[in-house]
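If you read the sequences in order, they're chains A and X. Just so you know, we're using the numbering used here here: the first sequence kicks off at 1154 and counts up by one. Just so you know, we're using the numbering used here here: the second sequence kicks off at 1154 and counts up by one.
It cannot be assumed that every hint is accurate.
Under 8 Å between C-beta atoms, here's a sample of chain A residues computed to sit facing chain X [as the list claims (entries may be wrong)]:
#: 1; residue: R1203
#: 2; residue: L1208
#: 3; residue: S1328
Beyond 10 Å from chain X on every Cβ pair, some chain A residues (computed) [to be verified]:
#: 4; residue: Q1159
#: 5; residue: L1166
#: 6; residue: Q1172
#: 7; residue: R1181
#: 8; residue: R1183
#: 9; residue: E1217
#: 10; residue: N1240
#: 11; residue: Y1241
#: 12; residue: V1257
#: 13; residue: R1261
#: 14; residue: D1278
#: 15; residue: I1287
#: 16; residue: G1301
#: 17; residue: S1308
#: 18; residue: S1324
Note that these hints are calculated values from the structure, not bench results. No experiment lies behind these values; they were computed from the predicted model shown. Cβ coordinates follow ideal geometry from the N, Cα and C atoms, glycine included.
Residue-level listing of the chains:
Number of protein chains: 2
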Amino acid sequence: MHESLQEYLKQCLTDDRLQRFDEVVKFRTRHLTVVLENVFHEHNASAVLRTCDCLGIQDVHVIESQNNFAPNPEVALGASKWLTIHNYRSDPEPSDGSPSNVSVDCIRYLKKNGFRVLSTSPRQDSLPLSQVTIDQKTAIVFGAEQIGVSEEAISESDDLIHIPMFGFTESFNVSVSAAVILQHLAALLHASGIDWRLTDTEHGELTERWVRQSLGSKLEPLIRRFEEEQMAR
Amino acid sequence: MHESLQEYLKQCLTDDRLQRFDEVVKFRTRHLTVVLENVFHEHNASAVLRTCDCLGIQDVHVIESQNNFAPNPEVALGASKWLTIHNYRSDPEPSDGSPSNVSVDCIRYLKKNGFRVLSTSPRQDSLPLSQVTIDQKTAIVFGAEQIGVSEEAISESDDLIHIPMFGFTESFNVSVSAAVILQHLAALLHASGIDWRLTDTEHGELTERWVRQSLGSKLEPLIRRFEEEQMAR
Chain A
1154 MHESLQEYLK
1164 QCLTDDRLQR
1174 FDEVVKFRTR
1184 HLTVVLENVF
1194 HEHNASAVLR
1204 TCDCLGIQDV
1214 HVIESQNNFA
1224 PNPEVALGAS
1234 KWLTIHNYRS
1244 DPEPSDGSPS
1254 NVSVDCIRYL
1264 KKNGFRVLST
1274 SPRQDSLPLS
1284 QVTIDQKTAI
1294 VFGAEQIGVS
1304 EEAISESDDL
1314 IHIPMFGFTE
1324 SFNVSVSAAV
1334 ILQHLAALLH
1344 ASGIDWRLTD
1354 TEHGELTERW
1364 VRQSLGSKLE
1374 PLIRRFEEEQ
1384 MAR
Chain X
1154 MHESLQEYLK
1164 QCLTDDRLQR
1174 FDEVVKFRTR
1184 HLTVVLENVF
1194 HEHNASAVLR
1204 TCDCLGIQDV
1214 HVIESQNNFA
1224 PNPEVALGAS
1234 KWLTIHNYRS
1244 DPEPSDGSPS
1254 NVSVDCIRYL
1264 KKNGFRVLST
1274 SPRQDSLPLS
1284 QVTIDQKTAI
1294 VFGAEQIGVS
1304 EEAISESDDL
1314 IHIPMFGFTE
1324 SFNVSVSAAV
1334 ILQHLAALLH
1344 ASGIDWRLTD
1354 TEHGELTERW
1364 VRQSLGSKLE
1374 PLIRRFEEEQ
1384 MAR
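Starting from the given sequences, assemble the full structure and let the hints guide the process.
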């Protein structure tokens, strides 16, 4: 019997668990991605992660140039465990001595990787949500509470978007705003002919990560046992 | 000069304020309404009120048979001041001695007034949000945290609706769920040919209430002064 480590680890999870991975991975997408720029309230950070998991959005880009990102585990319900979080932090001592802007770096990176970057902002030239199209890979930037998306991030973005508001209160909380925008765009994506699913390779890699995540503290001993068994053969 | 009390009170507010009332009232609707059944976390209750104000949904029906509804003023940002809140509480001693179900009473009242009642529930026979139509006046019922909409309310409802979920986490927080559903339906309404706006009479009555609300503690002295001036003529 020639068995891979991955197969060996899988056997330690229940069939129900593995079946759930299969169901969930099928709806994961990298066509739509999220950027959180200095969102600092733990309740909001966690709620956005939970929304991304619920809607199948796999990647979240977290910019922490001003504030630390500290999701509240009770609100996130473990969502970050299943997502791919990309962190962007300020380099305390840049090698060339020039100040870098982490938000600009993150957005340029996404654009170089084929993303159209849309920042949420209530400004005049901002598109209402109903007019947003998602033919191209799309990244949505959400800004810090009160402050909103930074000037630098806005000028690097391809377009601005907003949820139309009709009342006395003129803004949604960032976690509510993210849920409304992402749910709308995810539904648009699912109804489109766009090939938004993960590739077979990504599918395999992600499932492998989830298997390891699920094993938690059991992972290391299992890997050691597998290696010993292989050696003993 | 023959001047009504309403005209007199209006003069005590700035033109900007009155113009804002005109802008907001134009987007108010009673075609879509919200029922909160025993939502008890003050953060959630407040966030739903804020969402209703933002989207122009004027009426909120609050059922408090199990829990008290206590919006948090900081989250609601004064939204309840501009909404029409209808309260449904248990009668501690019903006159005919029979136990009444407040949720059933509320839903029957809405149905008698021409509303199609949709309860949010993840059950099998629940419609995904994208399939919900709003040709008829529509009420959306949101249930208590954890528990969801009660069995009694579900059996009185015309249909069930849900937001499709694709991740490990299988539910949104009630304030997020309400924002997603109501924003989707409000956008659908605005894009439709439905006559969803308030009538001229409702428009006038609501503006009158807002004028009085805005005056706060100045209202009573102003009314007295108006009456004295009328008498002195």
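Hints numbered earlier in the text: which of these fail when held up against the supplied structure? 7, 18
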